[in-house]
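**Student:** Once you've looked at the hints, dock chains B and C against the given chain A.
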Amino acid sequence: MKSSWQFGLPEEESFGFAQAVEVRGLIHVSGQVGADETGRPADVEGQMRIAYRRIAQILDQAGATMSDVVDETIFVTDLGAASRVAKAIRNEAYGGTPVVASTFIGVAAIGNPRASVPLLVEIKCTAMRAE
Amino acid sequence: MKSSWQFGLPEEESFGFAQAVEVRGLIHVSGQVGADETGRPADVEGQMRIAYRRIAQILDQAGATMSDVVDETIFVTDLGAASRVAKAIRNEAYGGTPVVASTFIGVAAIGNPRASVPLLVEIKCTAMRAE
Amino acid sequence: MKSSWQFGLPEEESFGFAQAVEVRGLIHVSGQVGADETGRPADVEGQMRIAYRRIAQILDQAGATMSDVVDETIFVTDLGAASRVAKAIRNEAYGGTPVVASTFIGVAAIGNPRASVPLLVEIKCTAMRAE
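Protein chains in written order, with the working numbering: chain A, 1 to 131; chain B, 132 to 262; chain C, 263 to 393.
Looking at chain A on its own, in the form it has when it is part of the complex (with noise of 0.2 Å):
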């Protein structure tokens, strides 16, 4: 049985996915990107807390926390300027040091590269529901 969550976002449905799906107790998130409702700053620093306030928004939606959260992959389009703000945001969005497994890439692009602010940031995770 599969259950999924969406934040009733224009790019859900022009594009057609959800933000969270579920079956059994395994959670996958889509990339969360640096930019919502609040805005789209223009430093990773603020486009990461936003990846993952939207990460920890959509798992409340299911129900889950970010201590759920298994694995995740970081793709960024500076890797230097990512690391260095890297671990208080993450000491922040998972209250503590995060008990995850992490891969950290860097990419051409994400979103449109074009845009007046580009994209810097996606988050996509995997969370565990506790048995």
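You may find that some hints are simply not true.
Said to hold, decoys possible - Restraint ranges, calculated between C-beta atoms of paired labels, are given here:
(1) A173/B to A42/A: 18 to 26 Å
(2) T327/C to F138/B: 20 to 28 Å
(3) R215/B to P41/A: 23 to 31 Å
(4) F138/B to A350/C: 40 to 48 Å
Claimed, not checked - Listing some non-contacts, in silico: residues in chain A with all C-beta distances to chain C over 10 Å:
(5) F7
(6) R53
(7) A56
(8) S67
(9) D71
(10) L79
(11) G80
(12) N91
Said to hold, decoys possible - With the Cβ distance kept under 7 Å, some of the chain B side facing chain C (calculated, not the full set):
(13) S135
(14) L140
(15) S145
(16) F146
(17) G147
(18) F148
(19) A151
(20) V152
(21) V154
(22) S161
(23) G162
(24) F206
(25) A212
(26) V216
(27) A219
(28) K255
The hints are simulated quantities; they were obtained by calculation from the structure and are not laboratory data. Here a beta-carbon is modelled for each residue, glycine too, at the ideal position from N, C-alpha and C.
**Tutor:** Using the frame of chain A, we list chains B and C on its own:
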């Protein structure tokens, strides 16, 4: 107990991998590219259609369907071009609005970047058998 | 109940992550790069060998083996060079033809692109304990 499936393609032997691997109902599908024995279209629309068809084919071998897909990561070399065609192709592939977590990433290259017709899309996904 | 493992490396503290996290038999391994305390080879063959050795080491800590790996994503900075060495290194790492779903992606950068010896490969994988 691990189950696995292949198409019988030369690259499965030369690289050494399975197209899909299942343990305990969780099916991991290898990244499927936009080319097959019917050809390699020059546009991302044609290639995305083939990538999804390959996913459906290997899931079918495994006794599963597109409805069982819970998560996908779509790697493309041109996010703008891929965005424009994604909804139509994805609705077609999933037989309606996809209920799937989705991550959409622009990457430097897929396959050999010097190929006469370069690969433009690769789709990796996970499916979970219904209980 | 979440279990996790680390190597005891400085970056685990400075970034804040675990090398492997398990819940209910599903083990997520963080992306492993081609460098360790034995060095950082300048070629992708040497780096790929190290990345797989690191995966085997962390799985061993978790009481699992390369045979339990079900899915891997191999990020490389040069797909052509990596393709030429992949079969030999992978057969060696898995102790025979790998029965694993595999996705092979070319990315812009792995780690610091201005490092004197840049990282050329990072391998992320998932393992599932046999029932």
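**Student:** Does D71/A really sit off the interface, with its C-beta more than 10 Å from all C-beta atoms of chain C?
**Tutor:** Its Cβ does come within 10 Å of chain C, the nearest being 4 Å, so this is violated.
**Student:** Return the status of the interface hint for K255/B: holds when the least beta-carbon distance to chain C is below 7 Å, violated otherwise.
**Tutor:** holds (4 Å)
**Student:** Can the hint on A212/B be confirmed by a CB-to-CB distance to chain C that is less than 7 Å?
**Tutor:** With a closest approach of 18 Å, the A212/B hint is violated.
**Student:** Far enough from chain C: is every CB of that chain over 10 Å from the CB of A56/A?
**Tutor:** holds (16 Å)
**Student:** For the hint on F206/B, does the least C-beta distance to chain C fall short of 7 Å?
**Tutor:** holds (6 Å)
**Student:** Just want to verify: S67/A was marked as not at the interface with chain C; is every Cβ pair farther apart than 10 Å?
**Tutor:** About 8 Å separates S67/A from the closest Cβ of chain C, which leaves it inside 10 Å; violated.
**Student:** Holds or violated: the hint that S145/B contacts chain C, with Cβ atoms closer than 7 Å.
**Tutor:** holds (6 Å)
**Student:** Against chain C, is S135/B within 7 Å by beta-carbon distance?
**Tutor:** OK, holds: S135/B within 7 Å of chain C, min 5 Å.
**Student:** Using 7 Å as the Cβ threshold, decide whether A219/B counts as touching chain C.
**Tutor:** violated (24 Å)
**Student:** Holds or violated: is there a CB of chain C closer than 7 Å to the CB of F146/B?
**Tutor:** With a closest approach of 6 Å, the F146/B hint holds.
**Student:** Does the claim that G80/A lies off the interface hold, with its Cβ farther than 10 Å from every Cβ of chain C?
**Tutor:** violated (6 Å)
**Student:** For the restraint on F148/B, tell me whether the closest CB of chain C is nearer than 7 Å.
**Tutor:** holds (4 Å)
Checked against the numbered hints given earlier, this structure breaks hints 1, 4, 8, 9, 10, 11, 12, 14, 25, 26 and 27; the rest are met.
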